[in-house]
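Student: Input sequences plus hints: build the corresponding full structure.
If you read the sequence shown in the numbering used here, its first letter stands for residue 1, the second for the next number, and so on.
Take these hints with a grain of salt, some might be off.
[To be verified] Simulated restraints, written as ranges between beta carbons of each label pair:
no., residue 1, residue 2, range
1, Ser315, Pro270, 49 to 55 Å
2, Asp331, Val173, 39 to 45 Å
3, Ala193, Asn290, 30 to 36 Å
Derived by calculation from the structure, the hints in this document are not laboratory data. Keep in mind that this is a model prediction, so the values were computed, not measured. Even glycine gets a Cβ: it sits at the ideal position worked out from N, Cα and C.
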Amino acid sequence: MTQSSVLQERKIGPVPALDLAVGIGLAVWAIGLSWSHDGVTVPLLLLATLPLVFRRVNPPAALAATFVGGVGLFFNGTYPTPTSNLAVAISAAVAFYTLLRLLQRGQAWAVTVLAMAGLFGLGMFLMWRIGSFFGPVVMVHGAQVALCIGGVALAADLARARGEVKEVRQESVDQMIAAQCEQAAMAERARIAREMHDIVAHSISRIAVEAETAPYTIKDLSDPAREGFEQIATTARETLVEMRRLLGVLRTDSGVGGGTSPQPGLARIPELLEEHRRAGGTVDLDIIGNAIPLPAAVDLSAYRILQEALTNVRSHAPDANVRIELAYLQDTLAIRVSDDGPGPSPSTGGHGLIGMRERVVMLGGWLNTGAAPEGGFLIEAGLPLLQAEAAA
Numbered sequence: 001m002t003q004s005s006v007l008q009e010r011k012i013g014p015v016p017a018l019d020l021a022v023g024i025g026l027a028v029w030a031i032g033l034s035w036s037h038d039g040v041t042v043p044l045l046l047l048a049t050l051p052l053v054f055r056r057v058n059p060p061a062a063l064a065a066t067f068v069g070g071v072g073l074f075f076n077g078t079y080p081t082p083t084s085n086l087a088v089a090i091s092a093a094v095a096f097y098t099l100l101r102l103l104q105r106g107q108a109w110a111v112t113v114l115a116m117a118g119l120f121g122l123g124m125f126l127m128w129r130i131g132s133f134f135g136p137v138v139m140v141h142g143a144q145v146a147l148c149i150g151g152v153a154l155a156a157d158l159a160r161a162r163g164e165v166k167e168v169r170q171e172s173v174d175q176m177i178a179a180q181c182e183q184a185a186m187a188e189r190a191r192i193a194r195e196m197h198d199i200v201a202h203s204i205s206r207i208a209v210e211a212e213t214a215p216y217t218i219k220d221l222s223d224p225a226r227e228g229f230e231q232i233a234t235t236a237r238e239t240l241v242e243m244r245r246l247l248g249v250l251r252t253d254s255g256v257g258g259g260t261s262p263q264p265g266l267a268r269i270p271e272l273l274e275e276h277r278r279a280g281g282t283v284d285l286d287i288i289g290n291a292i293p294l295p296a297a298v299d300l301s302a303y304r305i306l307q308e309a310l311t312n313v314r315s316h317a318p319d320a321n322v323r324i325e326l327a328y329l330q331d332t333l334a335i336r337v338s339d340d341g342p343g344p345s346p347s348t349g350g351h352g353l354i355g356m357r358e359r360v361v362m363l364g365g366w367l368n369t370g371a372a373p374e375g376g377f378l379i380e381a382g383l384p385l386l387q388a389e390a391a392a
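Tutor: In structure tokens:
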């Protein structure tokens with residue numbers, strides 16, 4: 001990020017309340033405790049303190065204003081009290097610190113060196129103008145101001161270093177979270193692929209069996225038709241073997257064997273609800289419309305979404321009441337799961353929501369998660385039926 005872009009970002013937004021309070025407070029302090037309230041001293045005190053209000057909006061201008069006000073007070077000859085001078089010094093130090101924090105390390109130290117050199121030159125000029133009698137006084141004050149400038153530069157450098165370390169740490173955390181999310185998505189995709197393999201393999205096996213048995217169940221089957229059925233059965237068997245070879249690595253890498261139990265579907269919803277109730281939860285189910293046979297991929301994905309939703313409730317809002325709504329629409333299965341718990345939190349869902357989204361995206365559907373209008377957490381999903389049938 002360039003310096004100009006940083007300054008541009010600083011110009012966005014209202015003046016912070018702290019800057020407003022500090023700038024006005026220093027101005028009141030300097031004027032109220034000053035020995036002189038003439039038409040020159042008061043404006044110079046305001047110029048040296050009040051621009052601190054806008055130090056984040058335009059740091060160079062704020063520093064320039066405080067510097068001009070301070071130098072003007074010195075040359076004015078009215079000499080405010082030491083307490084007023086302290087207010088002016090604090091204002092200049094804060095404005096200088098703000099500018100240094102916006103610069104890179106090399107630029108900040110270069111500005112610091114230039115400020116000290118300018119201060120030294122100003123001291124030499126004053127010694128030449130007012131004579132050697134006041135020379136030691138000027139040098140002592142100059143040394144004090146130089147030490148203040150160095151201290152402010154060191155403080156800004158340390159704050160910059162801490163900020164850089166914090167940014168690097170936050171970047172590392174963000175990268176780690178992104179990597180974990182990507183790993184979770186890959187793992188869920190592998191799980192979905194295994195489940196889809198089981199569904200497709202079952203369908204292909206049925207094709208092979210029906211093609212093999214067709215010559216024995218259909219009377220007066222012609223020889224070309226018999227050969228066609230035999231070819232269908234052979235192709236189905238070969239396809240099944242290739243699918244098992246292709247997706248076998250997913251089962252090996254995940255440590256999951258190739259079990260033969262059928263994939264679950266919405267017919268097992270009563271088991272899900274009973275499991276949730278046995279864990280101490282409360283859940284109600286509403287079915288809207290007439291239940292119809294679903295494509296295998298939609299049936300499985302709907303079951304997994306509900307399973308993950310109830311698992312999330314038990315993990316993050318175990319005392320919440322859950323309401324599940326299934327709507328059988330003309331071309332979509334709509335799912336809505338809501339609870340009256342505390343609502344979203346940084347850890348709500350996590351990898352489970354990633355898995356839901358992967359399943360919905362696979363079917364070309366949609367998914368919304370977040371705070372429910374009436375409070376609690378809400379999951380809404382739509383699984384297209386026609387697209388799933390075409391894909392199958």
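Student: None of the hints should be skipped; say for each whether it holds.
Tutor: Hint by hint, here is what the structure shows:
Under the hint 49 to 55 Å, the C-beta atoms of Ser315 and Pro270, about 22 Å apart, miss the expected range. A beta carbon spacing of about 43 Å between Asp331 and Val173 agrees with the range 39 to 45 Å that was offered as a hint. Distance hint for Ala193 and Asn290: a CB-CB separation of about 32 Å, consistent with the stated range 30 to 36 Å.
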